[in-house]
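Protein chains: 2
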Amino acid sequence: MAAQIIDGIAFANQTKQDVAARAAALKAAGKPVHLTAILVGGDHGAELYAERQGDGCRALGIDYTLLKFPVSISQRELKNEIRRLNKDVGVTGIMMHLPLPDHLDTARLQYEIDVVKDVEGVNPANIGYVVYKHTLIAPCTALAAVELVKSTGVQLRGAEVVVVGASVIVGKPVALLLIEQEATVTLCHIATRDLMAHTRRADVVVVAVGKAGLITGDHLKEGAVVVDVGINRITLPDGTRKTVGDVDFESAKEKASWLTPVPGGVGPVTVAMLLRNSVRSAELLK
Amino acid sequence: MAAQIIDGIAFANQTKQDVAARAAALKAAGKPVHLTAILVGGDHGAELYAERQGDGCRALGIDYTLLKFPVSISQRELKNEIRRLNKDVGVTGIMMHLPLPDHLDTARLQYEIDVVKDVEGVNPANIGYVVYKHTLIAPCTALAAVELVKSTGVQLRGAEVVVVGASVIVGKPVALLLIEQEATVTLCHIATRDLMAHTRRADVVVVAVGKAGLITGDHLKEGAVVVDVGINRITLPDGTRKTVGDVDFESAKEKASWLTPVPGGVGPVTVAMLLRNSVRSAELLK
Numbered sequence: 001m002a003a004q005i006i007d008g009i010a011f012a013n014q015t016k017q018d019v020a021a022r023a024a025a026l027k028a029a030g031k032p033v034h035l036t037a038i039l040v041g042g043d044h045g046a047e048l049y050a051e052r053q054g055d056g057c058r059a060l061g062i063d064y065t066l067l068k069f070p071v072s073i074s075q076r077e078l079k080n081e082i083r084r085l086n087k088d089v090g091v092t093g094i095m096m097h098l099p100l101p102d103h104l105d106t107a108r109l110q111y112e113i114d115v116v117k118d119v120e121g122v123n124p125a126n127i128g129y130v131v132y133k134h135t136l137i138a139p140c141t142a143l144a145a146v147e148l149v150k151s152t153g154v155q156l157r158g159a160e161v162v163v164v165g166a167s168v169i170v171g172k173p174v175a176l177l178l179i180e181q182e183a184t185v186t187l188c189h190i191a192t193r194d195l196m197a198h199t200r201r202a203d204v205v206v207v208a209v210g211k212a213g214l215i216t217g218d219h220l221k222e223g224a225v226v227v228d229v230g231i232n233r234i235t236l237p238d239g240t241r242k243t244v245g246d247v248d249f250e251s252a253k254e255k256a257s258w259l260t261p262v263p264g265g266v267g268p269v270t271v272a273m274l275l276r277n278s279v280r281s282a283e284l285l286k
Numbered sequence: 001m002a003a004q005i006i007d008g009i010a011f012a013n014q015t016k017q018d019v020a021a022r023a024a025a026l027k028a029a030g031k032p033v034h035l036t037a038i039l040v041g042g043d044h045g046a047e048l049y050a051e052r053q054g055d056g057c058r059a060l061g062i063d064y065t066l067l068k069f070p071v072s073i074s075q076r077e078l079k080n081e082i083r084r085l086n087k088d089v090g091v092t093g094i095m096m097h098l099p100l101p102d103h104l105d106t107a108r109l110q111y112e113i114d115v116v117k118d119v120e121g122v123n124p125a126n127i128g129y130v131v132y133k134h135t136l137i138a139p140c141t142a143l144a145a146v147e148l149v150k151s152t153g154v155q156l157r158g159a160e161v162v163v164v165g166a167s168v169i170v171g172k173p174v175a176l177l178l179i180e181q182e183a184t185v186t187l188c189h190i191a192t193r194d195l196m197a198h199t200r201r202a203d204v205v206v207v208a209v210g211k212a213g214l215i216t217g218d219h220l221k222e223g224a225v226v227v228d229v230g231i232n233r234i235t236l237p238d239g240t241r242k243t244v245g246d247v248d249f250e251s252a253k254e255k256a257s258w259l260t261p262v263p264g265g266v267g268p269v270t271v272a273m274l275l276r277n278s279v280r281s282a283e284l285l286k
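Just so you know, the protein sequences line up as chains A and B, in that order. Numbered per full-length UniProt numbering, the first sequence spans residues 1 to 286. Numbered per full-length UniProt numbering, the second sequence spans residues 1 to 286.
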């Protein structure tokens, strides 16, 4: 059996259409979506990335402001900037490009972002609301992985789900979001004794480790739904470079029923989820 | 093999001694621990319970104030009371007796409690901080269950842990706290297809469902560590009433290496964890 490929690009495009319609409705109601991004001491690459993000927003009718701060900005100054944005009724969403310089405490600054304006879902309170089954804004990558699982139509209630990788941004929120769907979830990680024993019994496997080829067809149950969050740059024997996921695509597609490609799977949907969260924030504020 | 019994009362007493010493040190430094509890429209039983809690605090050198509000108090009024307590430098801890009357939004009010003064660890941000491996104040019952697991000396890194029950207050935070210890954690619940398959492979089982006799010796691997959070009142054939856990004690103790009794297991430790959290809040504020 050859797996059906989960088309992240198509899913993202569909989401963007929906986002554009909702953004237009908000604008018509006099409440335009306005995302403000914070960039501290970014290099040229980071600035370029942020500018492109701005283009992506504007294309869907989302206003975008990039606030650039010098690398010397203090914790207090940046905190006050965030508090000012929290109060600014013209700003509906706030995001902070990472990494921040070492002298800044990322977690404390994320905690300062208003829970509703927190379009990346990184404020600990937003993670807590996911635990409370009261999700306001969930982290974008986790949300993307879960949306792609759902897009296959797999029955999640009672399903055996194995999440590989226990990161704060992906693994743990994915686990929590799938528990919310009443799946039985096992969270595996570097210290797991027998990873294969877990993945082999799973109806759904989500992998977010950052290790090329970690999960092969041998790790999978026949018919599993597999979502690959990993993005790894590898060098092939002939010296060319290639982007691959954590799942060995060729062997996995012989066992899985559904499988995301890398690139073209979770990546584009993550971008779309930031846009969707941005509209959601504005709707919640309305 | 007969399990060793995990003595919750002894653990609680030891914790209380530690709490008393830390509370005395804070008092000597001019920063006494002062827990303020909120009770809305409580009946006589609830008041009695709260007063007893106050006695327990004072016995360890923790000041305790019980604020009673009429059942008619509005969301805004109670929110303002919490905000006032947040700002009051003489108040080091805040807790809210539940349930609140139906017209009040419990989750939103818990979110108002200052994260450091939140001695019950119920503010979503505190749950989020647990996910972030940055725990400030964890929920008391979950903390009690995890402390009792740790008290057995079981190696948690890489251990197979099964948590039965996915409640917000116990199951999910227990799972998160044990992931923080690098255990491989599976969270089972009412929709789990084959509970026994999971519990039988577990080195550690934590049960928090509220169903007497749910887990028997048959569910356990030889030598498992078993912590029973359930508290159920049952009626025996002869009409007498008895308090039991979710684990069938007699059969489980033939398989487990360590087992908590009910009563005398997690219950007293939960009370002790509230006291320990109260001292921790005051120390964090210092």
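Heads up, some of the hints might be wrong.
All copies of an identical chain are treated as equivalent in the list; a pair is satisfied when it fits inside any one copy or across any two copies.
[As the list claims (entries may be wrong)] Straight-line Cα separation of at most 20 angstroms, DMTMM-like style, residue types lysine to aspartate or glutamate; simulated pairs: (1) 27 to 112; (2) 31 to 194; (3) 221 to 194; (4) 211 to 194; (5) 16 to 254; (6) 286 to 51; (7) 87 to 55; (8) 79 to 114; (9) 133 to 105; (10) 87 to 51.
Derived from the structure by calculation, the hints contain no laboratory data.
Intra- versus inter-copy proximity for residue 194 and residue 221 (alpha-carbon distance at most 20 angstroms):
The answer is both: 15 angstroms in one copy and 17 angstroms across copies each meet 20 angstroms.
Within a copy, between copies, both or neither: where do residue 79 and residue 114 come within 20 angstroms Cα-Cα?
both (12 angstroms within a copy, 17 angstroms between copies)
Intra/inter-copy verdict for residue 211 and residue 194 if alpha-carbon distance must be at most 20 angstroms
within (17 angstroms within a copy, 31 angstroms between copies)
Identical-chain pair category, residue 133 with residue 105, by Cα at 20 angstroms:
Only across copies: residue 133 and residue 105 sit 15 angstroms apart there, 28 angstroms inside one copy, limit 20 angstroms.
State whether the alpha carbon distance between residue 87 and residue 51 is at most 20 angstroms within one copy, between copies, both, or neither.
neither (24 angstroms within a copy, 41 angstroms between copies)
For the identical chains here, do residue 16 and residue 254 meet the 20 angstroms Cα criterion within one copy, between copies, both, or neither?
neither (31 angstroms within a copy, 58 angstroms between copies)
Using 20 angstroms as the alpha-carbon threshold, which applies to residue 27 and residue 112: within, between, both, or neither?
Neither way: residue 27 and residue 112 sit 27 angstroms apart in one copy and 31 angstroms across, limit 20 angstroms.
Same-copy or cross-copy closeness of residue 87 to residue 55 [CA-CA at most 20 angstroms]
neither (25 angstroms within a copy, 43 angstroms between copies)
For residue 286 and residue 51, with the copy left unspecified, which applies at a CA distance of at most 20 angstroms: within, between, both, or neither?
neither (27 angstroms within a copy, 43 angstroms between copies)
If the cut is 20 angstroms between Cα atoms, do residue 31 and residue 194 qualify within a copy, between copies, both or neither?
Neither, since 52 angstroms and 49 angstroms both go past 20 angstroms.
Violated hints for the displayed structure, listed by number in ascending order: 1, 2, 5, 6, 7 and 10.
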